[in-house]
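Based on the hints, put chain B in the right spot on chain A.
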Amino acid sequence: MYPLFLIAALTVLTLGLAHRVGLLRDATLVIGASLLSGVTFLALHPGLAWVAEPPIEGSCGLEGEDELGIRVERISVDEAQALLGDESVTFVDARSGDDYVAAHIPGAVSLPASDAAGILEIQSIPILPDGQVITYCNGGACEQSEYLGLLLRDREVCKQVKVLEGGWAAWAAAEAPTVAGEEPEGSISFESLPSDSPSPSEPCEPSPSMEARG
Amino acid sequence: MNESRVLLAAGWLGRLVAGGVFVFAGALKLLDPAAFAQDIGNYQAFPWWTWNLAAAVVPMAEILAGLAVLTGFKRRAGALVLGSLTVAFLGLILSVIVRGIDLNCGCFGEAAEASAVGWPLVVRDLGLLVAIVAAYLPAEPVRERPAASPPAS
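From first to last, the protein sequence lines are chains A and B. Just so you know, the first sequence maps onto residues 231 to 444 in this note's numbering. Just so you know, the second sequence maps onto residues -2 to 150 in this note's numbering.
Worth flagging that the hints you see were computed from the coordinates, not collected in a lab. A quick note: this is a predicted structure, and the numbers were derived from the prediction, not measured. Heads up, the beta-carbon is just placed ideally off N, CA and C, and yes, glycines get one too. Check the hints yourself; a few may be wrong.
Taking CB as the label site, the calculated pair distances span [what the hints assert, rightly or not]:
| hint | chain 1 | residue 1 | chain 2 | residue 2 | range |
| --- | --- | --- | --- | --- | --- |
| 1 | B | Phe70 | A | Gly327 | 47 to 53 Å |
| 2 | B | Leu4 | A | Ile349 | 45 to 51 Å |
| 3 | A | Gly277 | B | Val3 | 45 to 51 Å |
| 4 | B | Leu4 | A | Ala404 | 20 to 26 Å |
| 5 | B | Ile94 | A | Val331 | 26 to 32 Å |
| 6 | A | Asp308 | B | Leu13 | 40 to 46 Å |
| 7 | A | Gly277 | B | Leu13 | 14 to 20 Å |
With the rest of the complex left out, here is chain A (with noise of 0.2 Å):
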């Protein structure tokens, strides 16, 4: 909750020295229009209620249902820890390559948020097609594993893909098993296609809510 008493605190200092150099009635006067039109447009506005429905205890703070109408399954570290060697789990890093080489959970692929969409554009990813996928990202809000969890369901890679509850943040704190360096080498390629996958030459379209999350 502390941003909240830093923007009350820069609101009182903007407001103080507005006042010093004279400005405080027109500051208050663009502060009040875009109070009052601001609300005007959340009262006209057919898609937005008054009050945002409470978050999911324990999600990413996203709402319950993404736009493909199913929210990404949780896996807690514990659960996740257990299916370590299992060879139909995948592990999918959405971090940074950077990130990634410094540490990762055993096995892991990287598969980069950020460039997600690209790279499943022109090969795939080792995964069987009747296997698990779990994916990670730093943690916190979880929003990059949530979107590749997303990402390889609507490309049809995966049809089991979790989100790993916590991140990297919650592995690591259970001092549970990583390794560093570089995936190995022709771990992705196009030989590693699964057999119903579509080809490299054929990527699938993506969907609109995946072109809309970027």
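Frame of chain A; chain B shown alone:
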């Protein structure tokens, strides 16, 4: 070119950059306020009942203050509001970096490539702050009052 002309030129450039960026950013957010409300929620810094209100008021403030800076009407007040918003954004971004949260800032609606939270965003906002200061600095033009007619004798 003397000092006041440099200040004036920098002011115009600052007005164009700061005003243009904020009007554009505010308009993009208003196109999809529900997505922006979600972005606000992802910061994990505000109570959930404020998300929708903030998603409507913040873009309006950006547009109105941006227009004030662009048109010159209440320019300094507009620049003050834009400066306060930018400083607040900077505080939020730094708190996100410190807390290690992965998210998109929502600064330009859902154009995520331009909005990933990190140090480049801090640099971009500091650049905006410089433009806002440049927009604020030139003195308001003084309107000359018509000369009072001499009293009839």
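Worksheet item: What hints, given by number in increasing order, does this structure fail?
Response: 4, 5, 6, 7
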